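Going down the list, the sequences are from chains E and S. Position in the first sequence counted from 1, then plus 83, gives you our numbering. Position in the second sequence counted from 1, then plus 25, gives you our numbering.
Among the hints, a few may not be true.
What the hints assert, rightly or not - Far from chain E by the CB rule (all over 10 Å, computed), these chain S residues:
(1) Leu114
(2) Cys130
(3) Val136
What the hints assert, rightly or not - In silico BS3-like cross-links for lysine-lysine, where the CA-CA straight-line distance does not exceed 25 Å:
(4) S/Lys106 <-> E/Lys285
(5) E/Lys156 <-> E/Lys340
(6) E/Lys156 <-> E/Lys184
(7) S/Lys80 <-> S/Lys129
(8) S/Lys80 <-> S/Lys68
(9) E/Lys285 <-> S/Lys129
(10) S/Lys123 <-> S/Lys68
(11) S/Lys123 <-> S/Lys106
(12) S/Lys123 <-> E/Lys285
Hints listed in this document are in silico derivations from the structure and should not be mistaken for laboratory results. All of these numbers come straight from a predicted model, not from anything done at the bench. Just so it is clear, CB atoms sit at the ideal spot from N, CA and C, and this is done for glycine as well.
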Amino acid sequence: MDKKRRNFLKIAGISTLAGLGATTGLGRLVGGAQSAVAATEEAATAEHGNAIEQNAGDTPCVNRYGMLIDVRKFREDLSLGERVVRACHLEHNVPNIPVKKDEIKWIWMTHYENAFPEQPHLYLDQTNVEFQLPILCNHCDNPPCVRVCPTKATFRDANGVVIMDFHRCIGCRFCMAACPYGSRSFNWSDPRPFLDDATMNKDFPTRTRGVVEKCNFCTERTRLGLQPACVEACGDTKAIVFGNLNDPDSEIRQMLKQHHTVQRNPSLGTFPSVFYIV
Amino acid sequence: MYNGGKIITGLVIFVLLVTIPVWYNRGTTARSAPELVMPTNAKSCVLPAEEMRAKHMQLLNVWRDEVVRTGDTTSIVVEGKAYPKSLQLNCMECHTSKVNFCDKCHDYSSVTPYCWDCHIAPVE
Numbered sequence: 084m085d086k087k088r089r090n091f092l093k094i095a096g097i098s099t100l101a102g103l104g105a106t107t108g109l110g111r112l113v114g115g116a117q118s119a120v121a122a123t124e125e126a127a128t129a130e131h132g133n134a135i136e137q138n139a140g141d142t143p144c145v146n147r148y149g150m151l152i153d154v155r156k157f158r159e160d161l162s163l164g165e166r167v168v169r170a171c172h173l174e175h176n177v178p179n180i181p182v183k184k185d186e187i188k189w190i191w192m193t194h195y196e197n198a199f200p201e202q203p204h205l206y207l208d209q210t211n212v213e214f215q216l217p218i219l220c221n222h223c224d225n226p227p228c229v230r231v232c233p234t235k236a237t238f239r240d241a242n243g244v245v246i247m248d249f250h251r252c253i254g255c256r257f258c259m260a261a262c263p264y265g266s267r268s269f270n271w272s273d274p275r276p277f278l279d280d281a282t283m284n285k286d287f288p289t290r291t292r293g294v295v296e297k298c299n300f301c302t303e304r305t306r307l308g309l310q311p312a313c314v315e316a317c318g319d320t321k322a323i324v325f326g327n328l329n330d331p332d333s334e335i336r337q338m339l340k341q342h343h344t345v346q347r348n349p350s351l352g353t354f355p356s357v358f359y360i361v
Numbered sequence: 026m027y028n029g030g031k032i033i034t035g036l037v038i039f040v041l042l043v044t045i046p047v048w049y050n051r052g053t054t055a056r057s058a059p060e061l062v063m064p065t066n067a068k069s070c071v072l073p074a075e076e077m078r079a080k081h082m083q084l085l086n087v088w089r090d091e092v093v094r095t096g097d098t099t100s101i102v103v104e105g106k107a108y109p110k111s112l113q114l115n116c117m118e119c120h121t122s123k124v125n126f127c128d129k130c131h132d133y134s135s136v137t138p139y140c141w142d143c144h145i146a147p148v149e
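All chains, full assembly: derive it from the sequences and hints.
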């Protein structure tokens with residue numbers, strides 16, 4: 084019995100020592116690794132902090148496509164809004180669903196108070212009460228929809244455009260909850276029955292039931308060197324100007340320099356790429 | 026063996042039931058590979074026919090990811106001819122009939138790819 088107890092104590096003592104030694108040794112190793120990780124993270128955040136001013140997205144983009152919408156032009160020509168919406172929706176096979184809660188919109192006309200609800204004003208001028216302006220996806224520089232998408236179905240491309248990969252969309256609608264501008268629509272049913280075969284654009288796919296869709300800044304057209312469909316629909320009225328915001332010589336940057344412009348709800352820190360001359 | 030007659034009869038019925046697909050389709054053409062309508066306006070494809078038959082789905086997935094996600098729309102050049110990476114705008118230019126080409130094999134092998142839920146099939 085004595086001998087057994089003696090052996091037990093010996094083994095217990097050695098094990099304790101070994102255990103303590105191992106944990107401190109391991110602790111030192113892990114601690115070292117952690118401090119290294121912390122150091123790189125700190126450097127990254129410092130860098131990110133500097134970059135946040137212009138490029139707060141998770142992928143730094145070479146270009147940043149943007150749009151400048153001159154609302155005054157839409158007031159002058161009341162049919163322009165309808166033409167713009169029609170051009171976009173025909174180009175992208177956007178269905179015309181009569182049920183309001185199911186409707187799909189890429190670009191649409193709305194009243195000032197709906198587009199800029201963060202600027203409450205009891206005494207709004209008559210023009211802004213009466214007339215409508217076009218709104219669409221803002222293609223934010225810090226897009227909340229991209230951050231929440233669990234499948235990376237929505238992402239920013241090299242031109243800073245927030246686009247959808249419909250193949251990957253699982254229809255969870257997190258992006259719709261995240262988008263503060265309501266720019267996204269969900270296909271509650273198959274959109275094909277609501278499309279006219281005669282006017283369907285055969286070069287662009289439709290969508291299917293259960294995917295989210297929104298404006299893609301006409302990526303399929305800009306790749307070919309064309310202007311977006313809505314810009315083209317405006318003709319030479321310059322009601323919508325499209326261009327690269329990262330290029331200081333681009334037309335849009337020159338226009339932004341010359342006019343006072345507003346963005347939709349800039350206080351949210353999403354850095355919209357669509358600007359308005361109200 | 027007790028109840029040998031009943032057991033053997035039961036076994037025979039069981040084997041017959043299990044092999045229904047084999048003897049039911051005997052002498053019919055259900056097992057022969059489908060006849061495809063080949064394009065008339067082209068002799069070659071981006072890959073030899075054997076490889077296309079085996080790998081067209083992977084190829085289309087690669088094209089899809091390159092075009093949609095990385096924005097790489099460069100064409101595939103085979104023997105001096107450029108093929109854009111697109112199902113709707115390239116493949117269907119030669120294989121003009123979905124019913125007589127795609128569907129034939131897909132129905133035969135009982136697969137339902139979701140390409141045509143969104144991409145617009147040629148009018149037939």
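Going down the list of hints, with the structure as the test:
Leucine 114 of chain S, annotated as away from the interface, has a beta carbon of chain E within 10 Å; the closest lies near 6 Å. The claim that cysteine 130 of chain S lies off the interface holds: its Cβ sits roughly 21 Å from the closest Cβ of chain E, which is beyond the 10 Å cut-off. With a minimum CB-CB distance of about 17 Å to chain E, valine 136 of chain S clears the 10 Å threshold, and the non-interface call stands. Our distance criterion of 25 Å between C-alpha atoms is met by lysine 106 of chain S and lysine 285 of chain E, whose separation comes to about 23 Å.
A distance of roughly 19 Å separates the Cα atoms of lysine 156 of chain E and lysine 340 of chain E; the hinted pair therefore holds under the 25 Å criterion. About 30 Å separates the Cα atoms of lysine 156 of chain E and lysine 184 of chain E, which puts this hinted pair outside 25 Å; it is violated. In summary, the hint linking lysine 80 of chain S to lysine 129 of chain S is supported, as the alpha carbons are separated by about 17 Å, within the 25 Å threshold. Pair hint lysine 80 of chain S plus lysine 68 of chain S holds up; C-alpha atoms about 19 Å apart against a cutoff of 25 Å.
A C-alpha spacing of about 23 Å is found between lysine 285 of chain E and lysine 129 of chain S, which places the hinted pair at or below 25 Å, so the restraint holds. Simply put, lysine 123 of chain S and lysine 68 of chain S have alpha-carbon atoms about 18 Å apart, close enough for the 25 Å limit, and the pair holds. For a cut-off of 25 Å, the pair hint linking lysine 123 of chain S to lysine 106 of chain S stands: about 23 Å separates their Cα positions. Restraint check for lysine 123 of chain S and lysine 285 of chain E: the C-alpha separation of about 15 Å stays at or below 25 Å, so the hint holds.
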